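Student: Spelled out from the first residue to the last, the chains are:
2 protein chains.
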Amino acid sequence: MKIIVLGGDGYCGWATALYLSAKGHVVTIVDNYLRRQWDHELGAQTLTPIQPLSDRLRTWHRLTGKTIDVAVGDVCDYDFIYSTVKAIQPETIVHFAEQRSAPYSMIDRKHAVFTQVNNVVGTLNVLFAMREAAPDCHIVKLGTMGEYGTPDVAIPEGFFEVEYRGRRAVLPFPRQAGSWYHWSKVHGSNNIMFACKIWNLSATDIMQGVVFGTRIDAMGDDSRLFSRLDFDQAFGTAINRFCCAAVIGHPLTPFGIGHQRRGFLPLRDSMQCLTLAIEHPPKPGEYRVFNQFEEIYDISELARKVQKVARETGLNVEIKHLENPRREAEDHFYAADHHHLFELGYHPAHSVERELEIMLRDLIVHRDRINDYRHALIPDIRWDGRREKVSFLPTAPRLDLSIPSVPSGTRSFPDASRTDSVPAASRAAAAHDAVDIATH
Amino acid sequence: MKIIVLGGDGYCGWATALYLSAKGHVVTIVDNYLRRQWDHELGAQTLTPIQPLSDRLRTWHRLTGKTIDVAVGDVCDYDFIYSTVKAIQPETIVHFAEQRSAPYSMIDRKHAVFTQVNNVVGTLNVLFAMREAAPDCHIVKLGTMGEYGTPDVAIPEGFFEVEYRGRRAVLPFPRQAGSWYHWSKVHGSNNIMFACKIWNLSATDIMQGVVFGTRIDAMGDDSRLFSRLDFDQAFGTAINRFCCAAVIGHPLTPFGIGHQRRGFLPLRDSMQCLTLAIEHPPKPGEYRVFNQFEEIYDISELARKVQKVARETGLNVEIKHLENPRREAEDHFYAADHHHLFELGYHPAHSVERELEIMLRDLIVHRDRINDYRHALIPDIRWDGRREKVSFLPTAPRLDLSIPSVPSGTRSFPDASRTDSVPAASRAAAAHDAVDIATH
Chain Y
26 MKIIVLGGDG YCGWATALYL SAKGHVVTIV DNYLRRQWDH ELGAQTLTPI QPLSDRLRTW
86 HRLTGKTIDV AVGDVCDYDF IYSTVKAIQP ETIVHFAEQR SAPYSMIDRK HAVFTQVNNV
146 VGTLNVLFAM REAAPDCHIV KLGTMGEYGT PDVAIPEGFF EVEYRGRRAV LPFPRQAGSW
206 YHWSKVHGSN NIMFACKIWN LSATDIMQGV VFGTRIDAMG DDSRLFSRLD FDQAFGTAIN
266 RFCCAAVIGH PLTPFGIGHQ RRGFLPLRDS MQCLTLAIEH PPKPGEYRVF NQFEEIYDIS
326 ELARKVQKVA RETGLNVEIK HLENPRREAE DHFYAADHHH LFELGYHPAH SVERELEIML
386 RDLIVHRDRI NDYRHALIPD IRWDGRREKV SFLPTAPRLD LSIPSVPSGT RSFPDASRTD
446 SVPAASRAAA AHDAVDIATH
Chain B
26 MKIIVLGGDG YCGWATALYL SAKGHVVTIV DNYLRRQWDH ELGAQTLTPI QPLSDRLRTW
86 HRLTGKTIDV AVGDVCDYDF IYSTVKAIQP ETIVHFAEQR SAPYSMIDRK HAVFTQVNNV
146 VGTLNVLFAM REAAPDCHIV KLGTMGEYGT PDVAIPEGFF EVEYRGRRAV LPFPRQAGSW
206 YHWSKVHGSN NIMFACKIWN LSATDIMQGV VFGTRIDAMG DDSRLFSRLD FDQAFGTAIN
266 RFCCAAVIGH PLTPFGIGHQ RRGFLPLRDS MQCLTLAIEH PPKPGEYRVF NQFEEIYDIS
326 ELARKVQKVA RETGLNVEIK HLENPRREAE DHFYAADHHH LFELGYHPAH SVERELEIML
386 RDLIVHRDRI NDYRHALIPD IRWDGRREKV SFLPTAPRLD LSIPSVPSGT RSFPDASRTD
446 SVPAASRAAA AHDAVDIATH
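Going down the list, the protein sequences come from chains Y and B. In terms of my numbering, the first sequence is residues 26 to 465. In terms of my numbering, the second sequence is residues 26 to 465.
By construction, these hints were calculated from the structure, which means they are not laboratory data. Keep in mind it's a predicted model, so treat the numbers as computed, not measured. Check the hints yourself; a few may be wrong.
Chain copies aren't distinguished; within one or between two, either way the pair holds.
The calculated DSS-like cross-link candidates involving lysine-lysine, where the alpha carbons are at most 25 Å apart (straight line), are [as the list claims (entries may be wrong)]: (1) 111 <-> 222; (2) 135 <-> 111; (3) 222 <-> 414; (4) 111 <-> 91; (5) 308 <-> 111; (6) 222 <-> 135; (7) 330 <-> 345; (8) 414 <-> 345.
With these hints in hand, go ahead and build the complete structure from the sequences.
Tutor: See the structure below:
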C-alpha cells in the first residue's frame, strides 16, 4: 500500500514509518523538522540521540534493502501538501504532523494560538488535498483520549446512543478537553467528521492513550534507528518521564493527589493498532473513531510500578508528589471502551512490567545525558498562565497507601465506587479542582 | 456599564451598539471594516446604503447627545485588542467580530481556513486579553443555533443530563455543525468553556437563531442610522433574502425540499435578549449557554408567510424551490429549548407578520438597488466545492401543500410525528441527504 506518514520524524511517526516499511508498504515521510526545533526552545533534548532523518533512512536502506522516501515541508503550506499528495497518490495518509504537547500549548498566548492554528490548518489542508487529489485515500488521524476529558460516565468510541426526553439518537460523544492542545485535537476531529460527511472522504480518528516505550522490533538493536524519546515537562509522557527519572535516582513525580486515570499503551502496540486501522479501511464517507490504548492506570499506581521494576534492576527511587501545575480533576471516575481494535485482531505485545524492564535497560546507558537535563523533570508551565517551578507536596504520597491498586493486565472497567476509599480531605481537594462548568 | 462591542460596524453589532447606548451604557465599538470589504469581493452590497462609521456616530451624537467611541483594529492583532481592553476596562465585551457566513466559508480552502483561523484566533485573543487586563469582565459571545445541527433529539441550552450505562452526568450537548463557519463557532465555544474553567472568566455563549429585520427603535426613521442589510447568497439570512426578492418580484427560493427547520428572531428582539444577558451577568468562572430565538419555522412555511404579507402589500411573488447547494437534511426533527432568556424577562416585540410589513415598507424604496444586484439572489457556492449557479427544481413546490403548517406565535415544540405527513418520495430524498456519520 502507498502510505504517507505526516510527521514521520517524530516519536510515533518514525516508528510507524519503519513498522509499515518493514511490513512491505511503500512509505513516504513528510516532515518539516519543527519538532527538533522545539528542543532548542525548551532547553531539552531527546534522550536517545537521533540522527538526521536522511542518515536514519540510509541506515534503514542498508540494513533492510527497503527505501523510505522523504518530502520536506509543512502541512500548513497547502501548495506543498497538495502537490505531494497529487504526486504520490497515497492509499493512506497517517497524520502525526501536529504540535502534540499540552504544556507547550499552555505556555502563553502565542503558544496557544500557534498550536490551534498549526493543528487546525494542517488538518484542513490535508482534507482539501485529499478532496482535490486523492478522494479515495483513507486518512488515519492521531487524536487523543484527552479529547474526552474525564466525564462521569463511560467513554464510548466516538459516538453514543442516548435517550433524551423520550427520543433516542446516536450522537457524537461530548468532548471536554483539558488544554489548548487537546482542544486543537477536538477541533480537528470535528473538521474531519464534517469533511467525511460532505465530501465522502474516509477517516479513522485514533483517540490514542499515553504512549510509552523506547523501541519497536523493527529498530533491532541498532541505535541509529531508535526513535526520539522525550522526558521534559512538555513532550515527555508520564511513563517515559518516570523511567528517565528512575535511572538517575530522581523522585518519580505524580501531580497532586495523583489519581488521574488514563489509558496507556506501549509504542510497539501503537504501531500494531495503527496498522490494523490502515489495513482495514472504512467505507467511503465513513468517519470512525477508535479508542487506542491497552490498559487504564492511575498515575500513582504507575509510579509504583516503575519504582518496583527499577528496584528489581537495582535502582532505588522515591515517589514524591508535586503540586499540580494543571487544572484537572485529580481523582475521578474513568472507564473507556476500546473494542474496535480488539475486534480487528489487536494482541497486546508485552505486559507493562516487561516493557518497563526494556526501557530501563535502554535508558541506563544515557544516565549522564538525563542528568545534564534533569532540570527538565520539574515542570514550570502552569495552566493559570504563570511560569514558575512547582514544589514537592509534603504529605500527598501517604495517600497512595490507602488506595487499593487496580490489577493490571485486566481489561475490565475500574470500579466506580473506588474513589470512596480516598480520605475525605483529598476528595474535597479533588472536588474543588473539578470546576463545575455546567451550571447552565 | 462600560461595554465594548467587537464588530460594531456589522448588521447586529451596529444595532447592538445603538441599543446599548440608548439605554445609557458607555459603548466603544471595535471594528476593522472587514465586512465592508467582503461586499466588494462578492459583488454584493448592503441594501440599505450605510454611511462610514464615523458619520453614523456623529449623527447618533447629534440626535441623542450620546457618544459612542471607536477603536479601529483587528481582534486577531493581540497588541491592539489587549491595549484596547486594558485602556477601557470594560465590564462587558460583546463579541460579534467574526466571519459569519456559512457559504463564504465554503467557497474554497482559503475561505475555510480564513474563517476558522480568524474566528478561533480572534476569540482566543479576546480571552487572553480578558485574563491579562480585565479578568472580571463578562464576555457575551455570539454563537449560533447552527452549532447544534439537527440532531434527532431535543436541543437543550448547551448542556444536558443523560443516563449512559447506568450512570448519570451533565455533559456538553454534542455539536454537529453544517459548514466550516458553523464549526468555527463550535471551536470558539469550546475554547471559551475551557477558559472559564481554568481562568475563572465568565461568559454567556449565545446560540442565536437566524436574525431578520431592517431596524430597531433606536434608529428612529433616520436612514443614516440604519443597519446594513444583506441579501446576497453569502451574508443574506433567509427572511431578509425572501423579503428583498419579494420587493422585485423575484421568486422566493427555499433550498431543496425546504423543510429545514430553524429558530428565528427579529433584530429588535436580538438586541433585547443580548441586553438581558449583559445586565444579568453570570458568576465568575461560569460558562452559560443561552439559545436565543423566538420561534421555530420551516423554511417553506416562512416563504409562504412572506408571500402572504407581500400580497397584502400589493406585491405578487411566486415560491420556487432551488436545487440545494448545501449538504444538509432537508426534512428533520427539530425542537430546541429557549428558557433562559424568557426567565430573564424576554418579551418578543412583534409577530413575524408585523415585522415583515415593516421590512417590506423599508425595502420597497430600494427596489432599483435590489434589481441591480438580483444576480446575488441565486447561490453558486456549493458544499461539494463546485462554484456553479443552482437550478430551479420543477416539482418541489407542490410538496409544500401537503405539509400542515405549524402555527406561528406558539412557543411549543414542533410535533415529532410531523414529518410523517411528507410524501414518501421526499422523505427518502431527505434521508439520503442526512448522511449517517456515526457508523462506528
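Student: Now, for every hint given, state plainly whether the structure supports it.
Tutor: Cross-check of the supplied hints:
For the homomeric pair residue 111 and residue 222, the shortest alpha-carbon distance inside one copy (22 Å) is at most 25 Å, but the shortest distance between copies (43 Å) is not. When the C-alpha separation of residue 135 and residue 111 is checked against a cutoff of 25 Å, the pair qualifies only between copies, where the shortest distance is 19 Å, while the shortest distance within a copy is 33 Å. With identical chains, the CA atoms of residue 222 and residue 414 are at most 25 Å apart between copies only, with a shortest distance of 22 Å across copies and 46 Å within one. Proximity of residue 111 to residue 91 under the C-alpha cut-off of 25 Å is restricted to the intra-copy arrangement: shortest distance 23 Å within a copy versus 59 Å between copies.
With identical chains, the CA atoms of residue 308 and residue 111 are at most 25 Å apart within one copy only, with a shortest distance of 21 Å there and 52 Å across copies. Proximity of residue 222 to residue 135 under the C-alpha cut-off of 25 Å is restricted to the inter-copy arrangement: shortest distance 20 Å between copies versus 33 Å within a copy. Within a single copy, residue 330 and residue 345 get their C-alpha atoms as close as 14 Å, which meets the 25 Å cut-off; across copies the closest is 70 Å, which misses it. In this homomeric assembly, residue 414 and residue 345 come within 25 Å of each other (Cα to Cα) only inside a single copy, at 15 Å, whereas the closest approach across copies is 67 Å.
The structure meets every hint from the earlier list without exception.
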